[in-house]
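Could you put the whole structure together from the sequences, leaning on the hints where they help?
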Amino acid sequence: YRQLLESLVEQRTAEVNAVNKELRLRLEWLAAGNLVNQMIGRSAEFAHIYERVVEIVNHLFSVQNSFIAELDKETGLLKILAHSDSNVHPDLIGSFISIPVDIEITSSPEPGRAVIIPGDSFSELYQPLYLHAQVSKVQNIAFVPLQVREQVLGFLGLELHEEDRNITSEEYNLLSSFSVDIAQLIEDPRLFDQAKLLVAGEERNRLARELHDSVAQTLY
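So the number in this note's numbering is just where the residue sits in the sequence shown, counting from 1, plus 1297.
Take the hints with a grain of salt, since some may be wrong.
Claimed, not checked - Computed list of lysine to any residue pairs in SDA-like fashion (alpha-carbon distance at most 25 Å, straight line): (1) K1370 with K1318; (2) K1318 with S1420; (3) K1376 with K1318; (4) K1376 with S1433; (5) K1434 with V1477; (6) K1434 with L1482; (7) K1376 with Q1308; (8) K1370 with S1383; (9) K1370 with K1434; (10) K1370 with T1465; (11) K1376 with G1416; (12) K1376 with H1458; (13) K1318 with S1304; (14) K1376 with L1428; (15) K1318 with Q1308; (16) K1376 with E1421; (17) K1318 with E1421; (18) K1434 with V1449; (19) K1376 with I1396; (20) K1376 with V1449; (21) K1434 with I1396; (22) K1376 with E1401; (23) K1376 with S1304; (24) K1376 with Y1469; (25) K1376 with Q1481; (26) K1376 with I1400; (27) K1434 with T1465; (28) K1370 with Q1481; (29) K1370 with N1463; (30) K1376 with R1349.
Think of the hints as simulated: they come from the structure by calculation, not from any bench.
Encoded structure:
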């Protein structure tokens, strides 16, 4: 009976520790999210925000490097917006990588569910990410879909250096909400550009009306 009781206590303790770890990660992400929101309010330099996000990703998920890649509609490739190792490899920023064949983006993937791409498939990613992965001895890359309203806008990449490194259930739970927040960051500049085009169009129409009225008045 004592052995059974001790086993139950150990099991319950492990469950409580797992819940506490997830709550701690969520609190850290909420604090980071507030910081990101403040940065958005102060500046439209989204590149700096992306850089801050990948730093947070490295800390929360205990990875050495991570990156944010946006899905480019014209080329069908992924464009790297931020990479935590860009100081060493600045050519990573703005470079394009192909979507691994194991990733299907047409059928709305489950939010936060990562697709693990093994090292022997890195050659299809194109340079310079492929070269970076070789130099950094990356074993696997976890691609997490960034989607808003079932539309995939890009991927969060977690570079895993340990061959047996897996994404835990707690990390998957955090990625579910985390990926949506990052996707919103990608969507915001698009909405901002659309708003600018709309305002510019309205301004052109207003000037055209005023010019038309002015010419008509002059002719009259």
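Which earlier hints can't be squared with this structure? 1, 2, 3, 5, 6, 7, 9, 10, 17, 18, 23, 29
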